[in-house]
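A.B. asks: Here's the letter readout for the chains.
Number of protein chains: 4
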Amino acid sequence: MHEIKAFFAEHDHFARHAGIELLEVEPGMARARMQIKPYHFNGANTVHGGAIFTLADFVFAVASNSYGPMAMGINTSVSFVKAAISGTLYAEAEEQSRNTKLATYTVNVTDDSGDLIALFQGMVYLKKAPIISKDAPQG
Amino acid sequence: MHEIKAFFAEHDHFARHAGIELLEVEPGMARARMQIKPYHFNGANTVHGGAIFTLADFVFAVASNSYGPMAMGINTSVSFVKAAISGTLYAEAEEQSRNTKLATYTVNVTDDSGDLIALFQGMVYLKKAPIISKDAPQG
Amino acid sequence: MHEIKAFFAEHDHFARHAGIELLEVEPGMARARMQIKPYHFNGANTVHGGAIFTLADFVFAVASNSYGPMAMGINTSVSFVKAAISGTLYAEAEEQSRNTKLATYTVNVTDDSGDLIALFQGMVYLKKAPIISKDAPQG
Amino acid sequence: MHEIKAFFAEHDHFARHAGIELLEVEPGMARARMQIKPYHFNGANTVHGGAIFTLADFVFAVASNSYGPMAMGINTSVSFVKAAISGTLYAEAEEQSRNTKLATYTVNVTDDSGDLIALFQGMVYLKKAPIISKDAPQG
Chain A
34 MHEIKAFFAE
44 HDHFARHAGI
54 ELLEVEPGMA
64 RARMQIKPYH
74 FNGANTVHGG
84 AIFTLADFVF
94 AVASNSYGPM
104 AMGINTSVSF
114 VKAAISGTLY
124 AEAEEQSRNT
134 KLATYTVNVT
144 DDSGDLIALF
154 QGMVYLKKAP
164 IISKDAPQG
Chain B
34 MHEIKAFFAE
44 HDHFARHAGI
54 ELLEVEPGMA
64 RARMQIKPYH
74 FNGANTVHGG
84 AIFTLADFVF
94 AVASNSYGPM
104 AMGINTSVSF
114 VKAAISGTLY
124 AEAEEQSRNT
134 KLATYTVNVT
144 DDSGDLIALF
154 QGMVYLKKAP
164 IISKDAPQG
Chain C
34 MHEIKAFFAE
44 HDHFARHAGI
54 ELLEVEPGMA
64 RARMQIKPYH
74 FNGANTVHGG
84 AIFTLADFVF
94 AVASNSYGPM
104 AMGINTSVSF
114 VKAAISGTLY
124 AEAEEQSRNT
134 KLATYTVNVT
144 DDSGDLIALF
154 QGMVYLKKAP
164 IISKDAPQG
Chain D
34 MHEIKAFFAE
44 HDHFARHAGI
54 ELLEVEPGMA
64 RARMQIKPYH
74 FNGANTVHGG
84 AIFTLADFVF
94 AVASNSYGPM
104 AMGINTSVSF
114 VKAAISGTLY
124 AEAEEQSRNT
134 KLATYTVNVT
144 DDSGDLIALF
154 QGMVYLKKAP
164 IISKDAPQG
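Protein chains in written order, with our numbering: chain A, 34 to 172; chain B, 34 to 172; chain C, 34 to 172; chain D, 34 to 172.
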């Protein structure tokens, strides 16, 4: 898990660009946080759906890639249930099913008060190649 | 439409942070592009689902707010059908239904070759308040 | 809850047509089962996605209408994770969020072995009118 | 296409149970209708989401299986945009993407007036085995 955590912290450029910090990785599980910054807002002065999605999608990617084989997100559904305005957002991905080709995850995005901000459901397609290539330079 | 276009270009901070440029707005329709940059990538060296979502979500927001009343995204579903690696991505939102409280939009995200990258479907809840407040300063 | 349970058992014609039996209703929660019959199958000899959806959608409807005000399903997403072939399917709806206008539910569909068959996420729009009209005859 | 059409008309038991009639099949496309009957209704006196889904899911299945290899529905999202009360519902599936393993379809469900009732988006996983087995008896 340490290797996967280091890999994503290093190589997920857009998650870093969005200010997301990976907190924890277990097989089939991942947790991250995003401290709300001025660049996260939309025209309605709430956190942009794209920023919330990026946080959820990131823990979905880490959790689904946590076993080694490369997992590609193919479908995601999100219900946005409460506007986020300030503080820090947290996302936690949980595995719901996994076979040799497909796996399903749910992600809850919550705020500092523990209130649900968004509910995410996603499916990945599993490739045979590992997410961390042994041949390529990693830094 | 000019006012809405200027408003979103100015006030959608996360879309700007993601390098998205609004190209066109019509009632119930919007079109934007995102030139792929190093910060858009994920750990698998393809454009991050969060970046693709942000592009789609942005035209969804502009199209659904194009009539004036504030539209809040409540549900989105995305199928990611092809990995994006380089060049520019384009998104176009099209209105599918609209009543006084709810409206539905589809968004196609395509690459330079016109190939489909992602298929997005989203619903908004319509508030009575306008998206552009007449009382508040706009800049 | 007794009144809601009796109402749905009596008035949900398509659930009855699909052989679905309501087992339990609590505020924001409902549970039902569907014994697999020859008419539930699709061309691939597995239980039809429409039958699985109907079971999930039914507990979603009962749970979201359990407080009284009429709830209309506006968005649903389903991941089908395992084919169902025989025995009985169970569905349980759980409330994830609820405000005055919108509420969100998740539903797990499982088989006799407790294996996950489908994962469902749905949102309702809440009307002011009650689901059980006091003026109309109920039987 | 004639063989696929005959196969689904014969072997899709739940579609038949729901009163659905297959109208047309082309590679990657299918069209069907469902005349609204008393057994299609829910407790709110509108056509049940499960019945509308079954109609949409059926044309999704026929269109995605129209080339021969067996296609299994893995993800579906539906926006319900208008209540259906009487007359006939029509569904038409259109292919949006297809590679060797995954394919994506959209389905519009409309009523007699041509009004949109539901918007459906679905993904299938493609198996190597054909949907119509040459070894097994077909009727």
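Keep in mind that a hint or two might mislead.
As the list claims (entries may be wrong) - To give an idea of the chain B side of the interface with chain D (calculated C-beta under 7 Å), a few residues: (1) His46; (2) Val114; (3) Thr133; (4) Leu152; (5) Gln154; (6) Met156.
Derived from the structure by calculation, the hints contain no laboratory data.
C-beta: ideal position from N, C-alpha, C; glycine also.
A.B. asks: Hints first: check each against the structure and report whether it holds.
C.D. replies: Hint-by-hint comparison with the structure:
1. Look at His46(B): its Cβ only gets to about 28 Å from chain D, farther than 7 Å, so that hint breaks.
2. With 7 Å as the threshold, the beta carbon of Val114(B) comes within range of chain D, its nearest partner Cβ sitting at about 4 Å, so the hint holds.
3. Using the Cβ-Cβ criterion of 7 Å, the hint placing Thr133(B) at the interface with chain D is not satisfied: the shortest such distance is roughly 13 Å.
4. A least Cβ separation of about 5 Å between Leu152(B) and chain D falls short of the 7 Å threshold, and the interface hint therefore holds.
5. Hint status for Gln154(B): holds, given a least beta-carbon distance of 5 Å to chain D, under 7 Å.
6. Residue-level restraint check for Met156(B) holds (minimum Cβ-Cβ distance to chain D is 5 Å; threshold 7 Å).
Checked against the numbered hints given earlier, the structure breaks hints 1, 3 and satisfies all the rest.
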